[in-house]
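Q: Residue-level listing of the chains:
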Amino acid sequence: MTNHWVDIKNANLVLIMGGNAAEAHPCGFKWVTEAKAHNNAKLVVVDPRFNRSAAVADYYAPIRTGTDIAFLGGLINYLLANDKIQHEYVKHYTNAAFLVNENYTFAEGLFSGYDAEHRKYDKSTWSYAMQPDGYAAVDETLQNPRCVFNLMKQHYARYTPEVVSNICGTPKEQFLKVCGMIAETSAPDKTMTIMYALGWTQHTVGSQMIRTAAMVQLLLGNVGMAGGGVNALRGHSNIQGLTDLGLLTNQLPGYLTVPGEKETVYEEYLAQRSLKPTRPGQMSYWQNYPKFFVSLMKAWYGKAATKENNFCYDWLPKLDKMHDVLQVFEDMHQGKMNGYFCQGFNPLASFPNKAKIGGALAKLKYLVVIDPLATETSEFWQNFGEYNDVDPAQIQTEVFRLPATCFAEEDGALVNSSRWLQWHWKGAEPPGDAKGDAEIMAGLYLRLRDFYRKEGGAFPDPILNLTWDYAILDRPSPEELAKEYNGRALADIPDPKDPTKMLLKAGQQLDGFAQIQDDGSTACGCWLFAGAWTEKGNMMARRDNADPSGLGETLGWAFAWPANRRILYNRASCDPAGKPWDPKRAIVHWNGSKWTGFDVPDFKPDSAPDQGMEPFIMQPEGVARLFALDMMAEGPFPEHYEPFETPIGTNPLHPKVVSNPAARVFKDDLAQFGTAKEFPYAGTTYRLTEHFHFWTKHAVINSVLQPQQFVEVGEELAKEKGIQDGALVKVRSKRGYIKAVAVVTKRIKPLMVNGKKVHTVGVPLHWGFKGVAKNGYLANTLTPFVGDANTQTPEYKSFLVDIEKA
Amino acid sequence: MALQSLDIERRSATTTPSPSVREPMKVAKLIDISKCIGCKACQAACMEWNDVRDSIGICEGVYDNPMDLSADSWTVMRFSEVEPEPGKLEWLIRKDGCMHCADPGCLKACPSPGAIVQYANGIVDFHEGNCIGCGYCITGCPFNVPRLSKKDNKAYKCTLCSDRVAVGMEPACIKSCPTGALLFGSKDDMTRHAEKRITDLKARGFENAGLYDPKGVGGTHVMYVLQHADKPQLYHGLPKDPQISPLVSLWKGMAKPIMGIGLGLVALAGFFHYVTAGPNEANETEEDEKEEQ
Amino acid sequence: MQLTRRQFFKVCTAGLGSSSIAAMGFAPEMALAEIREFKLLRTTETRNTCPYCSVSCGLLMYSIGDKAKNVKSEIIHIEGDPDHPVNRGTLCPKGAGLLDFVHSPNRLKYPEYRAAGAKEWKRISWEEAFSRIARHVKDDRDKNFVAKNAEGATVNRWLTTGFLAASASSNESGYLTHKIVRSLGILGFDNQARV
Amino acid sequence: MSNRSKLVPRYSASERANHWFVGITFILLALSGLALFHPAFFFLTNLFGGGPWTRILHPFIGVVMFVSFLAMAARLWGHNRITEADRQWRRHLGDILRNRAGHLPEIGKYNIGQKYLFWTLVLAILLLFLSGIVIWQPYFAPSFGIGLVRIAVVVHAFAAFVAIAAILVHIYATIWTTDSVRAMTRGTVTEAWARHHHPGWYKEVSKEAKQA
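Chains as they are written, first to last, in my numbering: chain U, 1 to 806; chain D, 807 to 1099; chain Z, 1100 to 1294; chain R, 1295 to 1506.
One thing to keep in mind: the hints can contain errors.
[Stated by the list, open to error] Rough simulated footprint, nothing fancy, chain R against chain D, three-plus residues with beta-carbon under 8 Å:
id : segment
1  : 812-823
2  : 1047-1056
3  : 1059-1065
Simulated from the structure, these hints should not be mistaken for laboratory data.
Quick reminder that beta carbons are idealized off the backbone N, C-alpha and C, glycines included.
So here's chain U without its partners, still in its complex pose (with noise of 0.2 Å):
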């Protein structure tokens, strides 16, 4: 999240869009109806259902599943037409203003540079036009076609209210009705805040859909704000530390990144990263990419760790191409894969296409699973009927299943969507013989070291040197391992103010990342965590809730990365002066010296107003990209494309651009997706409140209150299809078949898109064949196996179905 939990109350208009905060994140959402009865503030919920945060909205508008880039860029459009956009905050702190390269161009679908036999684009035209001085070209104007303002006005121009109602099925007036609502939050001093989950995320155009919001969050001036900003309700209670903790194919910890074959020169692997500001005065702060770096390696490999081997630079390995999940099941189906473990995670549940996934599983020679509960995965090879038709003799696949324990029985800390890193503490002794993560992973480890000790192998530099000065070498502490993780000095690290002065003595945890060397005198895990754990002792278990402000502002509490800031990019809160654009909900300003406020300024903290320096100091150009250069795999501007199976054949907008372009699709995957004609209704899979994910269905009380697997109906297309309430259903897609009893509800309705009545069916996840509620079948039986452009994340969101009584 760019704001936090709390600050949802400062809200004047919240949109729930992308995600349904009402039942994934409950205690969340209590801070929306706190906005609206201390607020007077309003919320609107933009769906496909009539879900429970509805229940409760001032208005909801449905939409059909996938378009949310059409609305968006419907209201995109509505505000430059009625000139509903906070003017000082986006000539000033965005990228309206930039000059584009001339060679940039849109047309019928696609951007320049696409290569259609790679689905790639060649990104070199998505840049700025660049100033001799080798800054940046910008017209202060936004008089020249060639600036974004214009041509981001050009490209939405043709998201007309009659074409948004087409794409997306929302009734014209109740489009109109929700973009005058949001209009309204374009003056300086009333904010909206977007919470949107995977709604947005899990759709081949996730990424871009999220882009779009923040766009539309920057013209109405609302990303700094207090009750402002892009807020992203994440699922798991650690999802965000690990994400923060770099546990994905292409990641190290802190947002540094793995690098790729080609890189094999060290200099230039740093130089890609710590890029120079592109606009005089700027930040840019990933110029400390090299000191992240170095950090990171001397707290991995310690001693190893030298100058002279580019701080064993290569001992990390090289990618080829991303080995995200679907890519490495696609190898593992291809046979390619022989070992795979699963910690925490139950792959045949959630990942799509299961007949894919447990015929990938069954060609591994070995799996290890390591869980505190007994999941389907770990069972993939047993027949369990209807639910997994398999021949346990068929299947050689040799299965380790390892007892973990759980959160009430481990120290540690979780990172929230807050970004709040919170300690909590054990309450009870595991069952039988289970042990925490960290001590199987150690045991694991440690034998593995043993082997490679005795036996040698392939390249065992990198497990051998690596760091492991645990006090007890098989169970290293959560104390240990957060301390590593925030960072020490490994020499005494002179003060830059003043050479004389020690800012730290060897040995002694870091302040915070400000203090982090790129000479190996400071080793840090994760540079972004770094303040967690300092000298005055463990930050994340500090429980001061005061709040002085009012605001939620509760710097006292635990600690919050980077650097105990709560609300990122708070700097933009104020106007170009200093001053806070609502002074009732100032968080920081310019006191004439220094930023100061009841949050830690997003910005260098001595650099006046005048000096020039933009609030969006991770940037190279110091402001927020409405263009987004070549960061994404579709497109500067977001543009939108119909899901992989679309209900409609067609993109309204580029009929010979219907889907993705540059969405990464699997061979056998492309024959594996459904027609309209075959499959005429659209799917989406979904959570209840009552369940997480497949976890809860091992709880008795969460089984009592939803026990059985069951799919939305309309009423329409329930009595299209004679199904009655209750009754049992069989819904069909491409890939397989669930039978589910049948909810006919008044809260799906048809939509009128493109001439045609599309129904919708909703599908819930919380269902399998093992735990205490009544079994059923696995949802992702049903999901087509296509992700994200940029992400990979899979299109759970977006997939054809039929449905017929069973």
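Once you've looked at the hints, dock chains D, Z and R against the given chain U.
A: Then chains D, Z and R, alone, in the frame of chain U:
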């Protein structure tokens, strides 16, 4: 407000007043349906605190699970999809459970002394130790709340967490409610808070928003803020003007003295008739004369 | 007194009736009111965070015993932490039902192994589990480790084993997991953030 | 042996057994019913082993009584038809009570009082049975609407009141008409009793005795 034998306002099947000199604060639970997202946290918290687990049932085509109150589910969410104005769909979700009436129908109907106790703070609590399982409370309750357990034939319902309130804490469901739809406090505070909520709702277009504190049962210690207070039946059959059924009032009110005195009189009438009019004897002499005639 | 046989009967029955009431003992004095004992009185309170979604609701966990050595601390109740600035003591239905996750009948208790083609689990020791898994890892890594790619560039990667990390485990185990997995050269490495 | 000591058979052994079976069950029902009806009588539950047992036994005994009462009613049905003679008696009810029996038509096996008692009990016990089923927790009550249960509860109470009152009158009448108990304990009555109280019935019986 420690709740024990000195704080009893009324006790079932007890014709003499119970010790109730103390005047503790009257508590109340406010259910603000306009803030309720139907997440069932209250059901989960209730089951978990009271260590009761209902059986894992089936889906009957609606979100209501379990479908009805039971001896193991003392509160359930009832979902109703309604369109008060055509085209404007509303999903009204009501937390069903004991209303803790000021004049409890269950207590009036209960024949077993001490099985149902109304504390001075307004909580109506079942004391299953004295419950004989006759089900009269079900007959008496205007809101159809008490349920008999199949396991032990005792009646069960929401206790408003009398054990937590007794040590000064709020009920489990109220503490858990994520959106603040459930509130706990003195009945006056809750009524005042409701008024503020109602003005807010009226401002958002619900002209008929209002407080549901039915006088028919003397007011309740569980109150609703309804968006449509003029049509409570929209909320899955919330009774419009609930009161103890006149039949029950007759049965447990007038009938008792009539029956008691009536039978007493019949018995006494017989006795006094005997001592005054004497026995009805067939004396032999009279028979002989008749014989001869 | 002269009792005819019938009168004798009458007296006995009356006597029997009244005495049976006495014999059974007039109903024992019923307790006027009985409030359930407050079940958390002497339990141990621990602060924790809900493992489910990313709101990070603060929890109060109550386990039996006062940390005395001879007590196996078992959690008997979980409710919201009123001091936590986000949830302020509230919990959603998942959080309020956490007790049933901690005590789920499906909690795994012992390392288990399923042989190729087998139909059931076999319980094994931790020792055996670590050794056999480490052996699998070493054999597969040594066989399929790629030090240099086709163009001769140093890549040091191992693609034939993948790893899925838990998005509900703590930062500490996540950090340790990343340190180990990346040092093996694994690139097929993800967590729930991907989906 | 003088006609005074001559005895006239009135009730057979099985009739007597049936009557007392119904009688005893009725007493038990009345006691347990009163216990459940009025707090003052709740102590009576101790006769049945406490509150729950009272609630459990009452309906079962009720069914038993109803069945045995049906048997008795079937037997006495014929004798209890209200005839013209009975109506005449009814018109002079006040004198009878003051033992000033005028010359009225001869009484058959049952006088008008007994007949009214019979019909009252038939109606009351039928109502008790039906309403009893409706309020019988936990077996039958759940399958009836709450409105019906509420009506049934009042009907049950009222019918019970009537039945108990009727039985009190019945018991009193037996005490009041001396030497009546023997009819139901021994099965025979004195000839004088028969001639005095039920002349019509007496003539019939003696005629049959002559023909036999």
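Q: Per the coverage rule (Cβ-Cβ under 8 Å, at least three residues), is the segment 1047-1056 of chain D covered by chain R?
A: holds (count 4)
Q: Are three or more residues of the segment 812-823 of chain D within 8 Å, CB to CB, of chain R?
A: Contact hint for the segment 812-823 of chain D vs chain R: holds, 3 residues under 8 Å.
Q: Taking a Cβ-Cβ distance under 8 Å as contact, does the segment 1059-1065 of chain D have three or more residues in contact with chain R?
A: holds (count 4)
The structure is consistent with each of the numbered hints, conforming to all of them.
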